[in-house]
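Peer 1: Those sequence lines, one after another, are chains D and U.
Take the first sequence: its position 326, counting from 1, is numbered 326 in the UniProt record's numbering, and each next residue is one higher.
Take the second sequence: its position 486, counting from 1, is numbered 486 in the UniProt record's numbering, and each next residue is one higher.
Because the hints were derived from the structure by calculation, they are not lab data.
Keep in mind that the hints are not guaranteed to be accurate.
Because identical chains share one entry, a pair is satisfied inside a single copy or across any pair of copies.
Pairs of lysine-lysine residues, derived as BS3-like cross-links and limited to a Cα-Cα distance of at most 27 Å, are as follows [stated by the list, open to error]: (1) Lys191 - Lys427; (2) Lys427 - Lys275; (3) Lys396 - Lys191; (4) Lys396 - Lys275.
Here's the letter readout for the chains.
Number of protein chains: 2
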Amino acid sequence: MSEHLRDGGRGVVQRTAVIDLGSNSFRLVVFSVGESRWWKRTDELSEMVRLGGDLGPNGELSPQRMAHALETLRVFAAFCATSGIRTDQIEAVGTSAIRDAPNGEEFVQRARRATGLPIRILSQRDEAWFSYVSAVNQTSLTDGIVLDIGGGSLELVAVERRQAEECVSWPLGAVRTTERFLPGDGPTSAKQMAALREHALEQFATAPWVATAGRDHLVGIGGAVRNLATAAIRAAELPLDSVQGFVLTPHALDTLVEQLAERAPEERERVPGIKRGRAEVILGGAVVLQAVLEATGAPGIEVIEAGLREGIFLANQLAPADPPIVPDVRVASVTNLARQHGVDLVHAEHIAELADQLVAALPGAGLPAPGEPELVDAAALLHDVGMAVDYDDHHKHSSYLILGSGLPGFTPREVALIALMARYHRKGTPSLGSAAALCEPGDDELLLRGAALLRIAEQLERNRDQVVRGARLRRAPGDDDGVVLELDADGDTVVAEWGAERQGDLFARAFGAPLTVARS
Amino acid sequence: MSEHLRDGGRGVVQRTAVIDLGSNSFRLVVFSVGESRWWKRTDELSEMVRLGGDLGPNGELSPQRMAHALETLRVFAAFCATSGIRTDQIEAVGTSAIRDAPNGEEFVQRARRATGLPIRILSQRDEAWFSYVSAVNQTSLTDGIVLDIGGGSLELVAVERRQAEECVSWPLGAVRTTERFLPGDGPTSAKQMAALREHALEQFATAPWVATAGRDHLVGIGGAVRNLATAAIRAAELPLDSVQGFVLTPHALDTLVEQLAERAPEERERVPGIKRGRAEVILGGAVVLQAVLEATGAPGIEVIEAGLREGIFLANQLAPADPPIVPDVRVASVTNLARQHGVDLVHAEHIAELADQLVAALPGAGLPAPGEPELVDAAALLHDVGMAVDYDDHHKHSSYLILGSGLPGFTPREVALIALMARYHRKGTPSLGSAAALCEPGDDELLLRGAALLRIAEQLERNRDQVVRGARLRRAPGDDDGVVLELDADGDTVVAEWGAERQGDLFARAFGAPLTVARS
Chain D
1 MSEHLRDGGR GVVQRTAVID LGSNSFRLVV FSVGESRWWK RTDELSEMVR LGGDLGPNGE
61 LSPQRMAHAL ETLRVFAAFC ATSGIRTDQI EAVGTSAIRD APNGEEFVQR ARRATGLPIR
121 ILSQRDEAWF SYVSAVNQTS LTDGIVLDIG GGSLELVAVE RRQAEECVSW PLGAVRTTER
181 FLPGDGPTSA KQMAALREHA LEQFATAPWV ATAGRDHLVG IGGAVRNLAT AAIRAAELPL
241 DSVQGFVLTP HALDTLVEQL AERAPEERER VPGIKRGRAE VILGGAVVLQ AVLEATGAPG
301 IEVIEAGLRE GIFLANQLAP ADPPIVPDVR VASVTNLARQ HGVDLVHAEH IAELADQLVA
361 ALPGAGLPAP GEPELVDAAA LLHDVGMAVD YDDHHKHSSY LILGSGLPGF TPREVALIAL
421 MARYHRKGTP SLGSAAALCE PGDDELLLRG AALLRIAEQL ERNRDQVVRG ARLRRAPGDD
481 DGVVLELDAD GDTVVAEWGA ERQGDLFARA FGAPLTVARS
Chain U
1 MSEHLRDGGR GVVQRTAVID LGSNSFRLVV FSVGESRWWK RTDELSEMVR LGGDLGPNGE
61 LSPQRMAHAL ETLRVFAAFC ATSGIRTDQI EAVGTSAIRD APNGEEFVQR ARRATGLPIR
121 ILSQRDEAWF SYVSAVNQTS LTDGIVLDIG GGSLELVAVE RRQAEECVSW PLGAVRTTER
181 FLPGDGPTSA KQMAALREHA LEQFATAPWV ATAGRDHLVG IGGAVRNLAT AAIRAAELPL
241 DSVQGFVLTP HALDTLVEQL AERAPEERER VPGIKRGRAE VILGGAVVLQ AVLEATGAPG
301 IEVIEAGLRE GIFLANQLAP ADPPIVPDVR VASVTNLARQ HGVDLVHAEH IAELADQLVA
361 ALPGAGLPAP GEPELVDAAA LLHDVGMAVD YDDHHKHSSY LILGSGLPGF TPREVALIAL
421 MARYHRKGTP SLGSAAALCE PGDDELLLRG AALLRIAEQL ERNRDQVVRG ARLRRAPGDD
481 DGVVLELDAD GDTVVAEWGA ERQGDLFARA FGAPLTVARS
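Required output: the full structure, derived from the provided sequences and hints.
Peer 2: In structure tokens form, the structure reads like this:
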């Protein structure tokens, strides 16, 4: 069986296994790259090793945990060997548990000998760097701070014009702060939490840039951040399956901290969205995040799905670039999704070009709305991505794939609007539905316009032959109400005209004007 | 851009356009075939031409409708030409409106000259034949009757051992019977409907095989049948997005007939599920179907999504076979879905083989349940089909793709169980959820067992290298409770054992016994 089919992907040309020897769990993630340069995760193994637990009197790794760790690494190595991933395609990294233990280096040497895996220990600085690489490639961050909170430490990276400028690390991880500042089997007192916040703020004060750099944009990485975001999404009953791009506000975080603190640690998993394995140690992390929000004055923490492992993969992948960042995250997300599913980009880009021309001269005062052209463009590129699932109902499948991908770089509202434009690009009456909870006033009209334009643009390219080179909307001369769609073409436009003429109903609903089609 | 990407598919090697010049609408459907021999619809154009309306005094096609029809055919021809579908890849057929009109042949000649499309007129017999080809390739029909009800006529085909044996046609279509027997702007009386049923039964009596051949299995084709099925699904609040495989029972049909009859024709679209364009003519069709159920004594009408166009495509596609039928519809459905999405069939078939071995010797009296091995086998072949969407949450994507495909040949209950086994093949606690409405007593345990076996089988082939050749479940010797999973292998099974051992929890829940893994 070819590699192509083995990964369920289209022409996989490269696979990379990133192995993360974390304090809590060990994980192996396979990233695949396709011949058309898409990338995605294609496999994962994980094991709760808890190497950072049961430490000896001087912080040594325990013999039992090391034995479990070695057994797990043997399985990971066997998996790579038998599934055809070579050693030079493996990145295996140890983080704080191994770095901080006096016998960490010795453990790594044993593990290298026993498994042949090219394990290296990441410095704090390297770890922060990979978090930055993840954040800057998976959000629209330009200037701000990236925070990564793990079990042991908190890293902050200042970002200016997409470059990492400053980096600090404090022992303010969720496990460490919960144990030190919030011990006990019962509810946690306001006083205990105030002491932790105070302590964190004192640390932050030692890096004066923290008070200014994160005011506009704070991006959060790590399991604790993702889990708190999930709980906030559940509390607000938002229609989101993923935390990608969600902004955790100070208010939502304060409410969660209250709910968590009033319960005993083992009861905290009852707060909807809080994971079982994380419930007992999450409060320390949440309080530290409150302190970060206070210190930076940020309006919230933008949460992403990616983390250290994606950062390592992307740093490799984008390596010739320094720093390893894509020129435009939104474009990269849209293109990656389109390529993963074999979208005909010549066709899709032509539809996007036609839609861009239409949106540039909309009939109506104050149109297009801010951001509207970019959303229409993305929807035009992705409207047919659902064809990879099935032709029947492919508009619904497109919406499913767009929502599932999360389109890093766009906000949840924007992703929902792009998905809905694709959803309504063929039929049905556009409606925000449950996505209204994510949207702003006027978004229902924006959706209506976007869907109407997309239907017209698609029909103009119905033949997939780029015969219609250009299209313009104009007020009909001598007729205040009517709008004429003028086409530039140099071939047979019978199918294009036939198709576009049939979109008049939705156009009239969106723009309050009847549409006629004319060849210029 | 290559054909591959143009169709959003994997290596499309052949495209066929089927153009159906129906009495109500004209439709062009593109079917694509992939290099791994999957097939699916990949495009569609349609236009409400209503060629069967406004007929002249002798039933002639009207000049206006013919002009509209010719314009539409010119668009279809231009679409084929510009999108690269050659004339020898086009099947264009006229049905009853053209066949029955005295100027139908003349219209076809004009249309051929004007468009170059290779239009031919289907005889009633041909039309019934293609309905049979659709039905026998999209259901598990062995012995029974295929019914196809259109606007003008009703065709019945007797099927014995999957062969078409008898065929009749009567002018009992939905439009014709509504106009003749159930005229009026108000509610329809029981007396009117009784007269229509009586008339239909008299016709059926002229073909004595109708009273016997359909007793066990009746398959229904046509828009009226599909629309009534949709309304019955809505009324029963069943979690079905498609009518594929749904059985419309006499009771559900009687209830719908009552609800439709008590409303004026233009109010009938208010019955949930009834389509606007069909509401005014559906009652005649529904009453004729009541008569078919009465005449045959069938327990219901199995409804399918496919019809004439699929029959024409499949008859071509399977042409060397006589009759053109696949050896096993269920196997063909599963394989088609797997191939459409590039499933690694060597890997998937190996997992299915391992799952088959496990299901053959389950610990527990009376196990496996009837039909269980076949469902587990299908789920094993399709569990990873969702990888085509994304690795993350691919178990959910597999369920989405399986439910969306409808898996012709399986019942809605079976499709739901296969989808749920795939849904729970990695994590989560298996539960029927809303699918319980489709299921039978004991199906929750069947799902639990299926998911548990699938998890084990997948782990045994976690490396995708077929190192585990065989697997058996055995009562542990000297221990009434325990079960041993014995493996036959001749390579490194460290990953397989590691993976299988981690599935003990669900196994214990499904079989009430702890699991240990041993190499034999």
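Peer 1: Next, verify each hint and record whether it holds.
Peer 2: Do the hints match the structure? See the list:
| no. | hint | result |
| --- | --- | --- |
| 1 | Lys191 - Lys427 | neither (58 Å within a copy, 40 Å between copies) |
| 2 | Lys427 - Lys275 | between (40 Å within a copy, 15 Å between copies) |
| 3 | Lys396 - Lys191 | neither (51 Å within a copy, 44 Å between copies) |
| 4 | Lys396 - Lys275 | between (31 Å within a copy, 20 Å between copies) |
Violated hints, in rising order: 1 and 3; the structure is consistent with all others.
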